[in-house]
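Trainee: For reference, the chains in residue letters:
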Amino acid sequence: MNISDLRQTLDLAQTVQEMEFLVRALYPICRSITGEGFRQTLQILQTQIPLTQHQVPSGTQVFDWTVPREWTIRDAYVKNSQGDRVIDFQRSNLHVVNYSIPVHTKLSLQDLKPHLFSLPDRPDWIPYRTSYYKDTWGFCLSHNQLLALPEDEYEVRIDSSLEPGYLSYGEYYLPGETPEEVLISCHACHPSLANDNLSGIAIATTLAKHLSEIHRRYSYRFIFIPATIGSITWLSRNEEIVDRIRHGLVLSCLGDPGHSTYKKSRRGDAEIDRAVLHILQHSGKDYKVIDFSPYGYDERQYCSPGFNLPVGCFMRTPNSQFPEYHTSADNLEFIQPWALQDSFTKCLGVLSVLEHNKTYLNQNPKCEPQLGKRGLYRAVGGPAGTGINEMAMLWTLNLSDGLHSLLEIADRSGYAFDAIKKAADALEEAGLLKALS
Amino acid sequence: MNISDLRQTLDLAQTVQEMEFLVRALYPICRSITGEGFRQTLQILQTQIPLTQHQVPSGTQVFDWTVPREWTIRDAYVKNSQGDRVIDFQRSNLHVVNYSIPVHTKLSLQDLKPHLFSLPDRPDWIPYRTSYYKDTWGFCLSHNQLLALPEDEYEVRIDSSLEPGYLSYGEYYLPGETPEEVLISCHACHPSLANDNLSGIAIATTLAKHLSEIHRRYSYRFIFIPATIGSITWLSRNEEIVDRIRHGLVLSCLGDPGHSTYKKSRRGDAEIDRAVLHILQHSGKDYKVIDFSPYGYDERQYCSPGFNLPVGCFMRTPNSQFPEYHTSADNLEFIQPWALQDSFTKCLGVLSVLEHNKTYLNQNPKCEPQLGKRGLYRAVGGPAGTGINEMAMLWTLNLSDGLHSLLEIADRSGYAFDAIKKAADALEEAGLLKALS
Amino acid sequence: MNISDLRQTLDLAQTVQEMEFLVRALYPICRSITGEGFRQTLQILQTQIPLTQHQVPSGTQVFDWTVPREWTIRDAYVKNSQGDRVIDFQRSNLHVVNYSIPVHTKLSLQDLKPHLFSLPDRPDWIPYRTSYYKDTWGFCLSHNQLLALPEDEYEVRIDSSLEPGYLSYGEYYLPGETPEEVLISCHACHPSLANDNLSGIAIATTLAKHLSEIHRRYSYRFIFIPATIGSITWLSRNEEIVDRIRHGLVLSCLGDPGHSTYKKSRRGDAEIDRAVLHILQHSGKDYKVIDFSPYGYDERQYCSPGFNLPVGCFMRTPNSQFPEYHTSADNLEFIQPWALQDSFTKCLGVLSVLEHNKTYLNQNPKCEPQLGKRGLYRAVGGPAGTGINEMAMLWTLNLSDGLHSLLEIADRSGYAFDAIKKAADALEEAGLLKALS
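Chains as they are written, first to last, in our numbering: chain H, 20 to 456; chain B, 20 to 456; chain Y, 20 to 456.
No lab work stands behind these hints: they were computed from the structure.
Where hints are given, some of them may not hold.
[Stated by the list, open to error] One side of the interface only, derived from the structure: several residues of chain H facing chain B at Cβ under 7 Å:
| id | residue |
| --- | --- |
| 1 | 383 |
| 2 | 386 |
| 3 | 391 |
| 4 | 413 |
[To be verified] Calculated pairs, DSS-like style, for lysine-lysine (alpha carbon to alpha carbon, straight line, at most 30 Å):
| id | chain 1 | residue 1 | chain 2 | residue 2 |
| --- | --- | --- | --- | --- |
| 5 | H | 228 | H | 125 |
| 6 | Y | 153 | H | 153 |
| 7 | Y | 453 | H | 153 |
| 8 | Y | 385 | Y | 307 |
| 9 | H | 304 | H | 385 |
| 10 | H | 98 | H | 132 |
| 11 | H | 153 | Y | 385 |
| 12 | B | 125 | B | 153 |
| 13 | Y | 132 | Y | 228 |
| 14 | B | 453 | Y | 153 |
| 15 | Y | 153 | Y | 228 |
| 16 | B | 153 | H | 453 |
| 17 | Y | 98 | H | 153 |
| 18 | B | 307 | B | 228 |
| 19 | Y | 385 | Y | 228 |
| 20 | Y | 392 | Y | 304 |
| 21 | Y | 392 | H | 132 |
| 22 | H | 385 | B | 307 |
| 23 | B | 392 | Y | 153 |
| 24 | B | 441 | Y | 153 |
| 25 | H | 132 | H | 153 |
| 26 | H | 125 | H | 98 |
| 27 | H | 392 | B | 385 |
| 28 | Y | 228 | Y | 307 |
| 29 | B | 125 | H | 385 |
| 30 | B | 307 | H | 392 |
| 31 | Y | 307 | B | 385 |
| 32 | Y | 132 | Y | 98 |
| 33 | B | 385 | B | 228 |
| 34 | H | 441 | B | 153 |
| 35 | H | 385 | H | 307 |
| 36 | H | 98 | H | 228 |
| 37 | Y | 441 | Y | 385 |
| 38 | H | 153 | H | 98 |
| 39 | B | 392 | Y | 132 |
| 40 | Y | 453 | Y | 377 |
Even glycine gets a Cβ: it sits at the ideal position worked out from N, Cα and C.
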């Protein structure tokens with residue numbers, strides 16, 4: 020069974036249910052770039068795929084960066100003078116600024132306010148804020164909540180610690196026919212945010228689970244990392260692997276109702292760029308392709324000039340471009356089953372192109388071969404149609420001069436990759452094409 | 020006398036009359052990919068140009084194909100029980116499916132119907148059908164004719180034979196200054212169809228006749244072949260010639276009232292592609308340029324990957340895109356004298372570009388030469404105007420660095436090739452340009 | 020003090036006043052391609068910049084041309100029979116056809132008319148005409164003036180001489196850090212015409228004056244020459260210098276109210292082309308970029324195929340495209356202070372790009388460096404903002420692989436060159452970038 024067979028036999032409704040179940044299980048956890056929440060997340064993923072947990076000690080030098088102290092958060096609240104928790108971490112882990120240092124004090128409203136963050140334009144939503152590299156503390160709350168706070172003396176408590184510990188990440192390697200790799204990377208450091216990036220985690224995990232069960236041309240490496248410091252750490256510890264990465268995708272924000280967006284690799288014309296573009300063009304749906312820019316997700320690191328890997332980023336609506344981004348409104352209601360399914364299906368389509376994209380040599384390059392005597396002519400449309408498109412065969416024969424891959428033939432001819440692949444299979448079977456090694 | 024002189028002195032009205040006469044003479048013949056009709060056609064062309072008839076025996080292996088048995092058709096009809104010929108080959112040679120095997124039997128209407136072909140959407144037209152590579156028989160008729168057939172016992176007779184014989188083709192070679200060749204190819208295997216391809220045959224023949232009388236830089240080879248099997252056969256027997264082909268055109272469907280269409284060679288940027296595009300751009304008329312695809316006419320074979328010749332296809336409305344295509348409505352009324360003339364004139368323009376397109380070296384490359392002291396400045400517009408465009412001279416001087424041909428200079432400057440050519444001639448005369456060998 | 024500092028500290032209002040003063044001082048002089056008027060012009064420029072006057076004797080061979088005799092004009096008039104000067108060189112030096120041979124005769128109106136030139140469409144304007152290379156004489160006058168001339172016997176006098184003398188030109192060389200040069204060329208041979216080209220002369224002179232006072236990476240060479248024969252003469256005498264010219268601009272017609280126009284060098288993608296385009300794109304104003312053509316100003320000579328220098332032409336409305344062109348309406352009222360200032364500012368912007376455009380190597384190419392620990396993160400927008408754009412830093416780091424200059428980074432990122440330059444400076448300061456030599 021190969022990826023084409025998988026695409027034909029997979030129960031997509033069932034697959035989407037599994038992804039939704041995973042998202043719901045992961046949603047409540049208070050994740051950060053280090054700490055127990057991240058490890059709990061990996062443990063839940065381990066119920067689906069046998070990934071390896073890596074632990075990198077605080078203080079480890081990773082290129083220009085240092086692995087930070089591990090953050091532990093137990094509780095956090097602001098109590099009014101009646102003892103009511105007016106801001107309560109137990110109700111939403113977004114309420115505490117991620118990586119807040121411990122604090123326990125009493126403050127007037129005026130002195131408390133510089134530590135409170137809200138969104139005046141979205142008065143019901145709690146923002147998500149972090150302070151990984153500056154020692155400070157704070158609370159996030161809805162703007163209506165903030166406006167409702169009376170003058171009072173407030174007890175402020177963040178029961179956290181920042182101690183030497185570990186940066187954790189998960190890695191799952193699936194060996195293939197060749198040691199050349201496809202890298203699938205997603206960040207897993209955000210607390211209760213569903214689209215960014217539980218959607219990406221769920222799709223990556225589900226892809227991994229299904230790929231593990233089929234024949235693979237490429238080897239696959241799935242990594243679940245904290246954003247930025249995680250990819251920097253992984254690259255720093257895996258420099259010898261990097262040369263094997265032929266294609267890569269960063270997956271994020273794949274469940275929102277926006278249309279698909281692909282951000283190209285820094286190279287701009289890598290095979291992964293052309294493969295994703297092909298799938299989007301033939302999806303029959305709106306999509307957007309944007310050029311690489313050195314901002315966004317972990318493609319920033321993979322595409323830094325010292326690596327310049329062929330890694331793009333597949334999303335629906337990009338970071339910062341949907342109002343729910345980095346707020347409590349990026350919740351379980353925000354992500355849509357149909358959007359998860361559509362994103363997943365496109366990922367599978369892209370991987371199918373990569374798995375099957377080869378370059379062939381026409382064994383009868385002078386004039387057309389006589390397809391009729393091989394039963395390949397007028398094969399389509401007739402009552403005994405083989406489903407092989409005759410024009411796709413002619414294109415494949417014409418361009419199989421060793422200089423055009425099947426994907427290039429598909430793009431030049433306008434046919435879908437699958438049609439060209441089917442034609443190439445029939446022609447190879449008939450001895451008219453031979454794959455270049 | 021060279022091609023420029025020919026273009027200025029040719030009596031176009033007379034030329035069109037000659038082409039129409041030829042088309043009318045060829046129209047009634049029942050041609051096929053082999054057989055007497057094809058040879059009669061070549062004999063008529065021999066009244067215009069001394070072409071050579073080649074005969075290739077049935078059974079000859081030509082690349083992946085085999086030259087088929089020769090088809091002879093003497094008569095064919097369907098008679099009703101009163102003995103009336105209700106379908107009669109004598110009235111239109113389209114009535115019999117081309118390459119039908121012999122048959123003589125009696126059939127009910129029901130048993131006859133699987134062998135009858137009509138066009139329900141065009142109830143007055145007879146379709147044109149062939150079955151070269153599958154032994155079968157059939158009749159084509161108008162849909163109204165079909166509907167009018169009553170239940171009856173019909174006598175069916177096709178007096179044909181399929182015997183070892185020859186595939187015939189015509190070839191006319193005109194040696195030029197250089198052995199480098201321009202190939203003009205047209206298929207001549209269709210029975211009574213006027214646009215496809217008596218129009219192409221008439222234009223090719225007329226071009227050949229006139230080119231034979233002038234000085235030629237290039238050698239020219241005109242071939243009149245059955246479609247597909249003919250070009251495959253020709254290529255298979257002329258592999259050693261192929262390297263000399265610098266430019267080529269397949270000519271077909273050049274008499275219909277649609278605008279000119281050029282289908283590029285597989286290379287897409289060959290000199291022939293740029294020459295045709297230039298002529299169309301400066302024609303002042305609508306036109307269409309389409310990319311190569313491995314379908315259509317014999318360019319499919321010339322542009323197969325093992326040859327990849329710089330051969331495009333010049334047409335008016337492409338095959339399948341006019342309703343009269345491959346029906347009895349592609350008749351003598353369908354093709355227009357003005358369209359034949361326009362196509363012919365454009366062909367001559369293209370060949371003129373090829374004949375005159377050279378690369379020159381500016382002999383005074385540092386700063387402009389002083390045109391005034393050579394009588395070349397303000398030459399245009401003045402009362403003693405030489406007709407040489409001053410800007411065309413400046414462009415030609417500026418770009419004649421050995422890297423730009425006259426055609427490239429014309430395209431970059433926006434001037435017509437003829438204006439640039441005239442400027443180059445004046446500058447060469449003045450010693451300011453020297454042609455690269 | 021470098022060019023960036025100059026741009027920030029220069030008093031533009033004062034600068035424009037200086038340019039206007041210079042234009043007013045030069046306007047009345049009767050210039051030609053040789054002679055006293057040209058030398059007076061250079062003397063006035065010498066009050067601003069210490070340029071060198073070069074004198075090239077008549078008869079000197081310069082490539083395909085010969086330095087012409089020197090033209091001296093003392094007086095010219097047409098008197099009616101009452102002795103009134105009805106056409107009078109003293110009132111406008113445009114009245115005499117430039118390079119007219121001496122004449123003193125009496126003529127009827129009919130015999131005089133072939134020597135009179137006017138503009139029927141612009142009946143109040145005097146045209147500007149020359150006859151450098153054909154010995155003739157004539158007068159230019161407004162069409163209304165011409166219509167008002169009665170039948171009479173006219174005394175015609177042109178007190179001129181054409182004698183062996185000199186072609187003069189001015190040159191000002193400012194050595195820089197490197198002997199690689201920027202060439203700024205303007206023609207200075209037109210009599211009382213303000214936009215064409217006193218505007219160019221004033222801007223070039225003022226640029227030279229200010230550049231002389233700052234640190235320069237490039238050496239600069241300003242030349243003030245008669246059109247065509249001047250650039251040919253200069254190139255002919257300076258062939259050994261030509262290889263040092265890295266960038267060049269011809270300046271002309273920079274004071275009219277039209278928007279900026281840049282005509283690209285023959286190369287089309289030289290650094291000067293990209294620099295001017297960048298400045299125009301970020302100017303927030305309409306502009307036009309046109310391809311090179313072998314017509315216009317002295318770029319024709321610099322871009323002749325034997326030199327093919329990276330020299331473009333910076334203008335507002337191009338020659339021949341404003342009605343005042345080469346007429347008495349191209350006067351002091353036609354040029355606008357704001358337009359002169361805008362042109363000057365853009366020139367300074369272009370030179371600033373050239374001066375600062377370097378290619379850097381990211382010293383931390385694997386993953387992003389940690390900007391925060393160097394005080395460079397969130398530097399913008401904050402209260403203690405350094406004015407350095409964070410995204411500009413990320414782009415500069417990402418593309419500083421030795422293959423992209425700052426200008427290319429600016430163009431790819433969409434940021435203004437100045438923002439990228441500022442980012443590069445900060446990154447270089449922090450040791451994160453190192454300039455390639």
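Trainee: Determine for every hint whether it applies to the structure shown.
Mentor: How the hints compare with the structure:
1. 383: It holds, given that the least Cβ distance between residue 383(H) and chain B is near 5 Å, below 7 Å.
2. 386: At about 4 Å, which falls below the 7 Å cut-off, the nearest Cβ of chain B leaves the hint on residue 386(H) intact, so it holds.
3. 391: Given a least distance of 5 Å, the restraint on residue 391(H) holds.
4. 413: holds, 4 Å
5. 228(H) <-> 125(H): It is violated: about 50 Å lies between the C-alpha atoms, which goes past 30 Å.
6. 153(Y) <-> 153(H): Roughly 81 Å between the alpha carbons, so the hint for residue 153(Y) and residue 153(H) is violated.
7. 453(Y) <-> 153(H): Satisfied, since the Cα-Cα distance of roughly 29 Å is no more than 30 Å.
8. 385(Y) <-> 307(Y): violated, 41 Å
9. 304(H) <-> 385(H): violated, 40 Å
10. 98(H) <-> 132(H): holds, 14 Å
11. 153(H) <-> 385(Y): holds, 24 Å
12. 125(B) <-> 153(B): holds, 22 Å
13. 132(Y) <-> 228(Y): Measuring from Cα to Cα gives roughly 47 Å; hence the hint is violated.
14. 453(B) <-> 153(Y): It holds: about 29 Å lies between the C-alpha atoms, which stays within 30 Å.
15. 153(Y) <-> 228(Y): violated, 38 Å
16. 153(B) <-> 453(H): Status holds; Cα separation ~29 Å.
17. 98(Y) <-> 153(H): violated, 91 Å
18. 307(B) <-> 228(B): Roughly 28 Å separates the two Cα atoms, so the pair holds.
19. 385(Y) <-> 228(Y): Judged against 30 Å, a Cα distance of about 46 Å means the pair is violated.
20. 392(Y) <-> 304(Y): Distance ~40 Å between residue 392(Y) and residue 304(Y) Cα, so the pair is violated.
21. 392(Y) <-> 132(H): holds, 27 Å
22. 385(H) <-> 307(B): OK: residue 385(H) and residue 307(B) at ~29 Å, within 30 Å.
23. 392(B) <-> 153(Y): holds, 10 Å
24. 441(B) <-> 153(Y): holds, 26 Å
25. 132(H) <-> 153(H): holds, 19 Å
26. 125(H) <-> 98(H): holds, 9 Å
27. 392(H) <-> 385(B): Cα-Cα ~65 Å, so violated.
28. 228(Y) <-> 307(Y): OK: residue 228(Y) and residue 307(Y) at ~28 Å, within 30 Å.
29. 125(B) <-> 385(H): violated, 46 Å
30. 307(B) <-> 392(H): violated, 36 Å
31. 307(Y) <-> 385(B): This hinted pair holds, its Cα atoms lying about 29 Å apart.
32. 132(Y) <-> 98(Y): holds, 14 Å
33. 385(B) <-> 228(B): Outside the cut-off at roughly 46 Å; violated.
34. 441(H) <-> 153(B): holds, 26 Å
35. 385(H) <-> 307(H): Given pair residue 385(H), residue 307(H) is violated - Cα atoms ~41 Å apart, limit 30 Å.
36. 98(H) <-> 228(H): violated, 46 Å
37. 441(Y) <-> 385(Y): Cα-Cα ~22 Å, so holds.
38. 153(H) <-> 98(H): Given that 30 Å is the threshold and the Cα spacing comes to 25 Å, the pair holds.
39. 392(B) <-> 132(Y): holds, 27 Å
40. 453(Y) <-> 377(Y): holds, 10 Å
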